[in-house]
Amino acid sequence: MKSAVVQLPGLNRDRDMVDALTKISGHAPVTVWQTQTEIPDVDLIVIPGGFSYGDYLRCGAIAARMPVMDAIRRKAEQGVKVLGVCNGFQILVEAGLLPGALMRNTSLRFVCKEVLLEVVNADTAFTRTYTEREVIRCPVAHHDGNYFVDEETFKSMEDNRQIVFRYAAGTNPNGSLSDIAGVINARGNVLGMMPHPENLIEAAHGGTDGRGIFASALDAVAA
Amino acid sequence: MKARVTVTLKNGVLDPQGKAIEGALSSLGFDGVGHVRQGKVFDLEIEGSDRTKAEADIKAMCEKLLANTVIENYSIALD
Numbered sequence: 001m002k003s004a005v006v007q008l009p010g011l012n013r014d015r016d017m018v019d020a021l022t023k024i025s026g027h028a029p030v031t032v033w034q035t036q037t038e039i040p041d042v043d044l045i046v047i048p049g050g051f052s053y054g055d056y057l058r059c060g061a062i063a064a065r066m067p068v069m070d071a072i073r074r075k076a077e078q079g080v081k082v083l084g085v086c087n088g089f090q091i092l093v094e095a096g097l098l099p100g101a102l103m104r105n106t107s108l109r110f111v112c113k114e115v116l117l118e119v120v121n122a123d124t125a126f127t128r129t130y131t132e133r134e135v136i137r138c139p140v141a142h143h144d145g146n147y148f149v150d151e152e153t154f155k156s157m158e159d160n161r162q163i164v165f166r167y168a169a170g171t172n173p174n175g176s177l178s179d180i181a182g183v184i185n186a187r188g189n190v191l192g193m194m195p196h197p198e199n200l201i202e203a204a205h206g207g208t209d210g211r212g213i214f215a216s217a218l219d220a221v222a223a
Numbered sequence: 224m225k226a227r228v229t230v231t232l233k234n235g236v237l238d239p240q241g242k243a244i245e246g247a248l249s250s251l252g253f254d255g256v257g258h259v260r261q262g263k264v265f266d267l268e269i270e271g272s273d274r275t276k277a278e279a280d281i282k283a284m285c286e287k288l289l290a291n292t293v294i295e296n297y298s299i300a301l302d
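Residue numbers (my numbering), protein chains in the order written: chain R, 1 to 223; chain F, 224 to 302.
Keep in mind that the hints were calculated from the coordinates and are not lab data. In this text the structure is predicted, and so the values were computed from the model without any measurement. Heads up, the beta-carbon is just placed ideally off N, CA and C, and yes, glycines get one too. Some hints here could point you the wrong way.
[Claimed, not checked] Covered by chain R, according to a simulated footprint, are these stretches of chain F (three or more residues, beta-carbon under 8 Å):
1) 266-278
2) 286-294
[To be verified] Ranges between beta-carbon positions, derived for each pair:
3) F/A300 to R/A204: 53 to 59 Å
4) F/K287 to R/G26: 38 to 44 Å
5) F/K233 to R/A204: 41 to 47 Å
6) F/S272 to R/D19: 51 to 57 Å
7) F/A300 to R/E132: 49 to 55 Å
8) R/S156 to F/T229: 28 to 34 Å
9) R/S156 to F/L251: 40 to 46 Å
10) R/V111 to F/R274: 43 to 49 Å
11) R/R65 to F/Q240: 21 to 27 Å
12) R/T37 to F/L288: 15 to 21 Å
13) R/G54 to F/S250: 29 to 35 Å
14) F/L288 to R/S156: 23 to 29 Å
15) R/D43 to F/E270: 45 to 51 Å
[Claimed, not checked] Some but not every residue of chain R turned toward chain F, in silico, with C-beta under 10 Å:
16) A61
17) R65
18) L108
19) F110
20) G175
21) L177
Given only the sequences and the hints, what does the whole structure look like? Please build it.
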C-alpha cells in the first residue's frame, strides 16, 4: 500500500509520520508540499501534526485553504483514505472534510501527556485491527483539541457511528464534547484524531498501541 | 475605504478564554460582570469606492477564511 505525507510550513510531526508509515508498511511514503495541485496515486494520505502557519487566525485555518487541500478533497471524493492527526485533524475540520470545530482546551493549557482512548467504532478502515470498546494508550500534545459540534450534527454522527475514539476513564485532556478524540466522515474514508498514534508504534516508544491505526489503513494485516 | 470585521463566538459555544477573563476581572474587584465572551476584530483597507462590491467581497472573505461559521458569527462595518 502506498502512502503520502503532506507538508506545510509549521508542521513538525511529518518526520515521525514518515518514520511510522515506513516501519509499518515497509515502504517510505511520498511527501507532498502544500502548493502541489496533484497527489500521486496512493491509498492513504496523512496530514501530520504541528503548528501550520503558527496557528495564526485559528489552528489549521490557513493551511486548510492551500492548493494541496483541493487535491486532497478530490482524492477523498474518489475514496482514498485520509488521516489527519492533531494539527492535521484541525486542518481537516477547517477544510470542511470533517464536521465540527476544534477549540482552545478548557484548561487553557497546552497538554502533553498520555491518555486512554476507547475505540468506539472498530468497524472502520482505520480501526479494524482493534476490538470494539478496546481501550488503548496514546500520547496527546495540543492546545486546541476541544472538539465542538452542534447538537443536530452530533446526533447524526452518533447515528452514523462517526465517533471513532473517545477519551476513556476520565482522561479527557481538553474538555471536548462527549469526550470525543477522533471522528470519521460519513463515507468512512477520512479520519481525524487529536492523539498521536505515530508516537506509540514500537518498543522504543514504550508501546505499540498506535500501530493498529496505520496497519488497518495500510492493509498491513489480514483484513 | 476602511472596513472592520468583528468575529464573535455563537451562542452556546463554550468560551474558556472568556471564562478566564471573567474570572480575572472579578479578581481585580470588578463585580457584577458576567457572560464575558472573547472575539476578534479585523481592520481592512479596501481599494475603490464601490461599497456594494466591498461589502460582498468582505462577506466572501468572512465565509471563506476570517470566520469559522461552525462556531463563529461575523459582522461587517464599512466606514
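The hints, checked one at a time:
1. Check result for the region 266-278 of chain F against chain R: violated, 0 residues qualifying (beta carbon to beta carbon below 8 Å, three or more required).
2. Given a C-beta distance limit of less than 8 Å, the hint that chain R covers the region 286-294 of chain F holds, as 6 residues qualify and 3 suffice.
3. Evaluation of the 53 to 59 Å hint for F/A300 and R/A204 yields a pass: the beta carbon distance comes to about 56 Å.
4. Checking the proposed 38 to 44 Å range against F/K287 and R/G26 shows it holds: the Cβ atoms sit about 41 Å from each other.
5. The hint said 41 to 47 Å for the Cβ distance between F/K233 and R/A204, and at roughly 45 Å that hint holds.
6. In this structure, F/S272 and R/D19 meet the distance hint of 51 to 57 Å, their C-beta atoms being roughly 56 Å apart.
7. Restraint check, F/A300 to R/E132: a C-beta distance of roughly 52 Å satisfies the suggested window 49 to 55 Å.
8. Between R/S156 and F/T229 the beta carbons are some 31 Å apart, a value that agrees with the proposed interval 28 to 34 Å.
9. A C-beta distance of roughly 44 Å is found between R/S156 and F/L251, which places it inside the suggested range of 40 to 46 Å.
10. With their beta carbons about 46 Å apart, R/V111 and F/R274 fall inside the hinted range of 43 to 49 Å.
11. Separation of R/R65 from F/Q240 is about 24 Å and conforms to the stated range, judged on CB atoms against 21 to 27 Å.
12. In this structure, R/T37 and F/L288 meet the distance hint of 15 to 21 Å, their C-beta atoms being roughly 19 Å apart.
13. Checking the proposed 29 to 35 Å range against R/G54 and F/S250 shows it holds: the Cβ atoms sit about 30 Å from each other.
14. Checking the proposed 23 to 29 Å range against F/L288 and R/S156 shows it holds: the Cβ atoms sit about 27 Å from each other.
15. Range check, R/D43 to F/E270: Cβ separation about 47 Å, and the 45 to 51 Å hint holds.
16. Of the supplied interface hints, the one on R/A61 holds, with its beta-carbon coming within about 7 Å of a beta-carbon of chain F, less than 10 Å.
17. Given the 10 Å rule on beta carbons, the hint for R/R65 holds: about 6 Å separates it from the nearest Cβ of chain F.
18. Taken as an interface hint, R/L108 checks out: its beta carbon lies about 6 Å from the nearest beta carbon of chain F, inside 10 Å.
19. With 10 Å as the threshold, the beta carbon of R/F110 stays out of range of chain F, its nearest partner Cβ sitting at about 13 Å, so the hint is violated.
20. Because the beta carbon of R/G175 sits about 7 Å from the nearest beta carbon in chain F, less than 10 Å, this interface hint is met.
21. The criterion of a C-beta within 10 Å of any C-beta in chain F is met by R/L177, whose closest approach is roughly 9 Å, and the hint holds.
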